[in-house]
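S.K.: Below, each chain spelled out in residue letters.
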Amino acid sequence: MFLIIAVGLFVLVRLAPGDPAETLVPIDAAPGQREELVKAAREQLGLDKPVPVQFVLWFGSLLKGDLGYSFSTHQAVGQLLLDRLGPTVLLMGSALVLGLLIAIPVGIIAAVRRDTFVDAAAGTVSVIALAIPSFFLAMLGIYVFAVKLRVLPSAGMYFSGESDVGDLLYHLILPVSVLALAVAAAFTRYIRSGMLEQLGQDYIRAIVAKGAGPFRATMHAFRNSLIPLVTVLALYIPAFLSGAVVVEQIFSWPGMGQMAVNALIVRDYPVITGFGLYVAVLVLICNLLADVLYTVVDPRVRTAR
Amino acid sequence: MTAAPVLSLEGVTLDLKTGDDYVRILRDVTFDVAAGEIIGIVGESGSGKSMTALSILQLLPPKARLTAARIGFDGADLAGLRPAELRKVRGRRIGMVFQDPMTTLDPVVQVGRQIDEAYRIHHPRAGRAEAREKSLAMLRLVGVPDAQNRAKQYPHQWSGGMRQRAVIAMALVNDPEVILADEPTTALDATIQAQVLDALMRARDELGVAVVLITHDLGVISQVASRVVVMYAGGVVEIAGTRELFADSRHPYSAALIHSRPGAHRRGEPLVAIPGRPPLMSDLPAGCPFAPRCASPYKSERCVTQRPALEPSVDGRLSACHYRDEPQEVIA
Amino acid sequence: MTTTNLPSGPSAAPIRSSRRGLVPPGRLALRRYVRNPAAVAGAVVLLVMVLAVVFGPMLSPYSPDVGELITARSAPSAAHWLGTDAIGRDQLARVFAGGRVSLTVGFLAALLAVVVGTLVGTLSGWFGGVADAVISRIIDILLSVPPVLVIIVFAGILGPSVPMLIIVFAALLWPQSARIARGVVLSLREQEFVQAARVLGSRTAYIVVRHLIPGVLPAVVVAATILVADAVLSEAAVSFLGAGVQPPQASWGNMLNDSKSITVLSSMPWLWLPPGIAIFATVLSTMAIGDGVRDAIDTRRNA
Amino acid sequence: MSELLRVDDLKVHFSQRGFSGRKRVIRAVDGVSLSIDTNEALGIIGESGCGKSTTGRAIVHLEDPTEGRISYRGADVTHPDAAARRAFNEKVQFVFQDPMSSLNPRMTVESIIAEPLRAFGAWDRVTGPARVVELLERVGLPAQFASRYPHEFSGGQRQRIGIARALALDPELLVLDEPVSALDVSVQAQVLNLLMDLRRQQGLAYIMISHDLDVIRHVTDRIAVMYLGVVVETGPADEVLDHPLHPYTAALVSATPPSSPDEHRERIRLQGELPSASNPPSGCRFRTRCWRATEVCAEVVPPLEPVGDGRSRACHHPLDLGMPTIRTESAA
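Protein sequence lines correspond, in order, to chains A, B, C and D. Residues in the first sequence are numbered from 1 upward in steps of one, following full-length UniProt numbering. Residues in the second sequence are numbered from 1 upward in steps of one, following full-length UniProt numbering. Residues in the third sequence are numbered from 1 upward in steps of one, following full-length UniProt numbering. Residues in the fourth sequence are numbered from 1 upward in steps of one, following full-length UniProt numbering.
Hints listed in this document are in silico derivations from the structure and should not be mistaken for laboratory results. A portion of the hints provided could be inaccurate.
[Unchecked claim] Short, incomplete list of chain D residues facing chain C, as computed with Cβ under 8 Å: (1) 6; (2) 33; (3) 34; (4) 84; (5) 91; (6) 94; (7) 110; (8) 123; (9) 124; (10) 125.
[As the list claims (entries may be wrong)] Simulated restraints on C-beta separations: (11) 35(C) <-> 128(A): 42 to 52 Å; (12) 279(D) <-> 138(C): 27 to 37 Å; (13) 164(C) <-> 39(A): 51 to 61 Å; (14) 71(C) <-> 123(A): 38 to 48 Å; (15) 291(A) <-> 24(D): 15 to 25 Å; (16) 167(C) <-> 63(A): 27 to 37 Å; (17) 119(C) <-> 89(A): 37 to 47 Å; (18) 24(D) <-> 138(C): 23 to 33 Å.
Every residue gets a Cβ at the ideal spot worked out from N, C-alpha and C, and that includes glycine.
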């Protein structure tokens, strides 16, 4: 699977317009030297070898963790990705946790108090939150909290270059809120419908007939609704990354998304390829995770004869 | 009935909200359950027999309105209890067995734990070991072999018949006075049904629990129940001892029901089919609800205009028919 | 059997009333839809949007691509209802033009995805077997591939273009409709009336036309609305990131990209509020339509 | 009477992937032989999972036979091509268990009943509707039902629509898969009476598949008792059910609730559950639950042998012919 994706990316890079060696050499180099320089660059990049050999070389170095060097910053791509991973994980992780902390109780309450005001309000808010593009929401957020109220920063991770935890948290508030709202909106709906399905099951009525109170019955339903939820959660992560990319861009958050978009503008192929591989690996891991989690959580699968 | 009733329903009336209107689902349901007896409630789909059971413990859909005169149980009126008090009766003093054993157990909790839970809800100070001991005792009583190990399995590892026994064990674990069994064997095969009915009868014999057995199957009733409540269109039409009912019923509906069964006829004979279909609860006839389908020779104008009440006949049997004292002939 | 209003069993007939006597199920569904205010509002808003982007540019006196620098950055006025941007282009004309691109990408991608997805899903569900197992696996994986990121990679390497947007969106969105169609077909295949049709001697073509398509269609319509919403949002996101529709051509997404500088953000809200609201309104109304259709065809509801 | 349909050593196996992903072969039907004559009524009886429905479905080609031979009026129809299959379906029709699911909710009753006519080009605008009305009347439904939709009808009415549809092509044989088990008792009688009439009036033959002994006994002449994919006993209905030869038949009769409290059945309680059809016991499939089983039962598969009077049984230790399972006591 991984091999297929690697081949696909390689082919894609080959199809790209323009010669990477050309772009490597400054345009203003002397006309006579330029051909020499391009040739040298081509040899250096291995572009003079037959295509299959190039692939093997590329794939070999890929397996060693060597993703080549950025055209623009000349940093090793692998290192660049690693550097950018931290802020992105921090952003996504906090938003995911915050979003779920909102979604779980709200979804449960909406299901238990079905067709009440709470349910309708939660439903309306989540539909609106799903329909509003995250970058537009982010712009609204900046406009209100950074521009008008001047209570929150509009961009970056720190004011100074210092790593100060308080400052970091302060900078996290807006981007995390924007992302968490999207998470909360999506999962409130999942949890609500999962809970409704479980609450309608016969076993819930049987638990109430045993003399259980509403809390105990709800917990039984929640445990059962978790089973499909964990797989949905695992499969949601890649989609969530795209939300993070957008938000990073607008808040100048120094994460992978910002890196990818900058690379996109300057056509930094190695960085884009590295990012593509990263996304592909993430998708595969999340799919695997979904399968594994499913067998762990559901006793019907776990104890199958 | 010589024994004092443990449970007595008096004029239970239930409205359910469908769409914008309330529809009357139960009309003035009245009957007693004696200690230690097996009483059958029989009726076709939509007759209200399941709703009657659910009304007793108030396990009703959210938009239900119970306007019972009284559901008497141990000196209290269940219809007037607050939720917290009601919970002390549910599962503790009145147990419940549902129709489909495949769906009444929580699929992600071990069977034994679910029975333990039923015990521990009502015995909060009881330890795990004590609860498990009770659970195993009940599982053995209802005939689950190798209870100790099977209790650690999940419901999907149990067959339907075994699961229904587990549900019965769960209903019995707090030593209740009454068990409400709502079509407990309908989803099961004949040979398995026989085993489960045996388990219910053993519970009655050994624990002295009264069983309210709700079923559409007159055969099951005739096999295990000592008395029968016949329901039609949300009301009780007849209450009789099982033998009397089968030999000489006092209501044309009960009579027709008994005779519409193939087992009551010789092979190939036309069966007694009740023409038409039960009325819609939202659109009950003004008189006797059964009048439009009734084939009794005594049927008269009175049946169409005046709704008969459940009253004793000359020989003391309860029937909701204006002509309860006439012999009920069944016309094919 | 009980007297609950739940669908408790095969013999429990649904509630009937004389009012509903001879009404075909399709008309009943329409009636339910019309009674749902959110769904009707959604349909109206979307219709207005479509009409606006189709006819708006014809009615507008300004070109969306050419501006007059003299009137640059002017606030909304009688001449320029939504003001002008940094190089003096009429913002209203750009919202119309941008809407054309955004809605075209959204609808085309969704249409392509629905057609492909429904076809693949239906065949996969109907024939089953190994092919179905493989297709289901592909569907599962593709469903978790985020379109926006794929576009970034493709645009970064091949360069951004509108046809690429449509193709990539369609390629990544079809699994949604395929999964839905497959699910419906699987359940239809188990329905006894489909089996009955075979015993009755009906030919496969008849079964497909008479039983299968009418069964799958409503669910596909719902899926299509979700896909349109998804595609419009995704287009906006990638154009916002600069990986989608390229300037000077306008799209709602890249209009927001032009305005993300803090100066525009703080002092020229007429440049970013209208496209943002346009995206929001389009997506919200599409979702409302989808919800309305879903509720209307849900036969378990008696209304 | 002449032989209409014959099934020889039919096997239907399904491969199924379990939760663990391992493949198992379910031997739903594992060597069934049957035959039915013109105008005969054959009952197939057994509990869930015994393969009775699969047998019926395989006869009308809803399932693909793994092995064996099906012949109709002497011609092989085991694996028909599309044309042969249509020709076969013109003569042999099927009635489904669930009258809700077997009628397309989006079609009017007229188009539902017209479907087979359209399939065979027997539909035209002038005579078609008249034919539909005639069919509706034959099953006892009024003509104005033709323009309505299935959801407007009760279970019994829907099942009659299903039967009208099956009769549209004037078949010679109907295969009925649990046609009344989803219906209430009173309505069940309507459908059973209709089936008996159709047979008398039209010379129809039918195979009725059911788990209900009373129903089968009432409407069929001859029965086959199935257990775990095989036929264990066949013979005239009354004889087989009153004097079973196979211990399983006896247990099944015993487990079926009697039709009145005065009737007592021999009390045979089978232990345990139905074994898995993917891994049936060696030798006799019933031996794991049989109280008469010996070593030979585990080693040798008992063949279905004729024993005179049109009866056959597959058992190493059959019961005595003189052993009645039902006795009736007069009310004490």
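S.K.: Taking 8 Å as the limit, does the beta-carbon of residue 84(D) come near enough to a beta-carbon in chain C?
M.R.: 11 Å, violated
S.K.: Can you let me know if the beta-carbon spacing of residue 24(D) and residue 138(C) is within 23 to 33 Å?
M.R.: 26 Å, holds
S.K.: Does the hinted range 27 to 37 Å hold for residue 167(C) and residue 63(A) at CB?
M.R.: 31 Å, holds
S.K.: Taking the beta carbons of residue 291(A) and residue 24(D), is their distance inside 15 to 25 Å?
M.R.: With a Cβ separation near 21 Å, residue 291(A) and residue 24(D) satisfy 15 to 25 Å, so the hint holds.
S.K.: Could you say whether the range 42 to 52 Å given as a hint is met by the Cβ separation of residue 35(C) and residue 128(A)?
M.R.: 22 Å, violated
S.K.: Go ahead and decide if the range 37 to 47 Å is satisfied by the Cβ distance of residue 119(C) to residue 89(A).
M.R.: Given about 40 Å between the Cβ atoms, the range holds.
S.K.: Against chain C, run the beta carbon of residue 33(D) and see if the smallest gap drops under 8 Å.
M.R.: Since chain C brings no Cβ nearer than about 23 Å to residue 33(D), farther than 8 Å, the hint is violated.
S.K.: Falls inside 38 to 48 Å, the C-beta gap from residue 71(C) to residue 123(A)?
M.R.: About 44 Å separates the Cβ atoms of residue 71(C) and residue 123(A), which means 38 to 48 Å holds.
S.K.: Please check whether residue 110(D) passes as an interface residue: C-beta within 8 Å of a C-beta belonging to chain C.
M.R.: With Cβ-Cβ at 12 Å, over 8 Å, it is violated.
S.K.: Taking the Cβ atom of residue 164(C) and the Cβ atom of residue 39(A), is their distance within the range 51 to 61 Å?
M.R.: Cβ of residue 164(C) to Cβ of residue 39(A): about 32 Å, so the range 51 to 61 Å is violated.
S.K.: Can the hint on residue 125(D) be confirmed by a CB-to-CB distance to chain C that is less than 8 Å?
M.R.: Violated - the Cβ of residue 125(D) stays beyond 8 Å from chain C, reaching only about 18 Å at its closest.
S.K.: Residue 34(D) was flagged as interface toward chain C. Is the shortest Cβ-Cβ separation under 8 Å?
M.R.: 19 Å, violated
Checked against the numbered hints above, the structure violates hints 1, 2, 3, 4, 5, 7, 8, 9, 10, 11 and 13; every other hint is satisfied.
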